[in-house]
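Taking the hints into account, I'd like the entire structure generated from these sequences.
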Amino acid sequence: MAGMSLTDTGAKELLEAHPRLAAFTFPNSHAGQTVLLPSSGRQFGYCEYVDTSVPSEQLRNVVLLPGIPGSRLFTHPDVRKHGCVKTWRLIVLERPGIGLSDPAPEQYAYADFVADFREFCQQLGLRRVAVMGFSAGTPFATAIACVQPQQQTQAAASSAAKAPDAAKAGADGDAAAGGKGSVEVEVAGVALISAIGPPDTPNKRRGMALMFQFAYWACTYAPWMVSWVVRHEATAFRRRPVHAIRQALSLYDCPADVEALKRPEVEELFLESAMEIYSRAQEGAVHRENVNFAGRPWGFDLKTCRTPVTIWQGGKDKGCTVNMATHLEASMGPGVKATIFPDEGHMVYFNVWDQVVGWINGL
Numbered sequence: 001m002a003g004m005s006l007t008d009t010g011a012k013e014l015l016e017a018h019p020r021l022a023a024f025t026f027p028n029s030h031a032g033q034t035v036l037l038p039s040s041g042r043q044f045g046y047c048e049y050v051d052t053s054v055p056s057e058q059l060r061n062v063v064l065l066p067g068i069p070g071s072r073l074f075t076h077p078d079v080r081k082h083g084c085v086k087t088w089r090l091i092v093l094e095r096p097g098i099g100l101s102d103p104a105p106e107q108y109a110y111a112d113f114v115a116d117f118r119e120f121c122q123q124l125g126l127r128r129v130a131v132m133g134f135s136a137g138t139p140f141a142t143a144i145a146c147v148q149p150q151q152q153t154q155a156a157a158s159s160a161a162k163a164p165d166a167a168k169a170g171a172d173g174d175a176a177a178g179g180k181g182s183v184e185v186e187v188a189g190v191a192l193i194s195a196i197g198p199p200d201t202p203n204k205r206r207g208m209a210l211m212f213q214f215a216y217w218a219c220t221y222a223p224w225m226v227s228w229v230v231r232h233e234a235t236a237f238r239r240r241p242v243h244a245i246r247q248a249l250s251l252y253d254c255p256a257d258v259e260a261l262k263r264p265e266v267e268e269l270f271l272e273s274a275m276e277i278y279s280r281a282q283e284g285a286v287h288r289e290n291v292n293f294a295g296r297p298w299g300f301d302l303k304t305c306r307t308p309v310t311i312w313q314g315g316k317d318k319g320c321t322v323n324m325a326t327h328l329e330a331s332m333g334p335g336v337k338a339t340i341f342p343d344e345g346h347m348v349y350f351n352v353w354d355q356v357v358g359w360i361n362g363l
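Following full-length UniProt numbering, the numbering of the sequence shown begins with 1 at its first residue and continues without gaps.
Bear in mind the hints are in silico, worked out from the structure with no lab data behind them.
Quantities reported herein were computed from a predicted structural model and do not represent experimental measurements.
Some clues are possibly wrong.
Stated by the list, open to error - Straight-line alpha carbon distances no greater than 30 Å define the calculated DSS-like cross-link-like pairs of lysine-lysine that follow: (1) Lys318 with Lys262; (2) Lys12 with Lys81; (3) Lys303 with Lys81; (4) Lys303 with Lys86; (5) Lys318 with Lys337; (6) Lys262 with Lys303; (7) Lys318 with Lys303; (8) Lys262 with Lys12; (9) Lys81 with Lys262.
See below:
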């Protein structure tokens, strides 16, 4: 485990900009919980933010899949301020290899994640759930909307075949515990904010920053180069995290993004997750996710979507472009609606939060 390797300058910058984080030790061993997935024997990490004023049976279950860097510690300033979303049981889920979640098998695909996601929900007793995906979390959320139960069952069988002993032990334990795994999971709707489209999205690079265009090329043709860049960035984060996060986010330079990133509480969300991930030396998971969403076919058909989906996209987003959102809308069918905010950028997440909450509450 790498831990942090703060230079004197890095420590000073962190204390001045984010004294709360400067007082913490990373990786964070206190926040969050894990759930064992019986079929594979792997663990998923998560944090919960629950409105305790509402009876548990009346809570709305919502799972947030954050971007990169994004861990179980990433939420929204409103959640940080109030401790929860009214009437919600909000669960921030860490994908394989991130935070408290165990790494995935080498050939792990989006359909495998959907199987894991449904099993995770079963273990928590979530019968009906809405999903929010932000940025790099959106391909996973899109898969949840598109991969149908029979495909999910096949993926689960594939995962079990890779770890038969763990699967048998998990199944036996599940039966002894009263069959949590038998809970049917209904996905009520999927919200995509700053949505990423698949690699074959027509004209996906229109409006994209040159650095991101190069990254897409490298993910397809030179993934080793992406690995080198991610390792270099991880080292920078461990030494001077404030400087590194500001450099990483500087590509989002439209006025709306600049204003959003001036808010200390916004920067802190990204920074805390980056420090959590890189203090655990989890750059391998970051590399894998980038290559999978940008450089390889996603392995599922967008046209199989049967779930209500709404997309919120910034018209000036230089990473997740407008054409990505409109391609998803056109490909996923009549139950999908994309709204483009002409003057917003990648950080539209922070400005449309109330709209997203309202949409989910109406499902």
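Checked hints:
Restraint check for Lys318 and Lys262: the C-alpha separation of about 18 Å stays at or below 30 Å, so the hint holds. Annotation: proposed proximity of Lys12 to Lys81 holds, straight-line Cα distance about 26 Å (limit 30 Å). In summary, the hint linking Lys303 to Lys81 is not supported, as the alpha carbons are separated by about 39 Å, beyond the 30 Å threshold. For the hint linking Lys303 to Lys86, the alpha-carbon distance of about 34 Å lies beyond 30 Å, and the restraint is violated.
Note on Lys318 and Lys337: the hinted pairing holds, with a Cα-Cα distance of about 21 Å set against a maximum of 30 Å. Proposed proximity of Lys262 and Lys303 is contradicted: the alpha carbons are some 39 Å apart, above 30 Å. For the given pair, Lys318 sits about 26 Å from Lys303 by alpha-carbon distance, which is consistent with the 30 Å threshold. A hinted pair counts as satisfied when its Cα atoms are at most 30 Å apart, and Lys262 with Lys12 qualifies at roughly 19 Å.
Proposed proximity of Lys81 and Lys262 is supported: the alpha carbons are some 18 Å apart, at most 30 Å.
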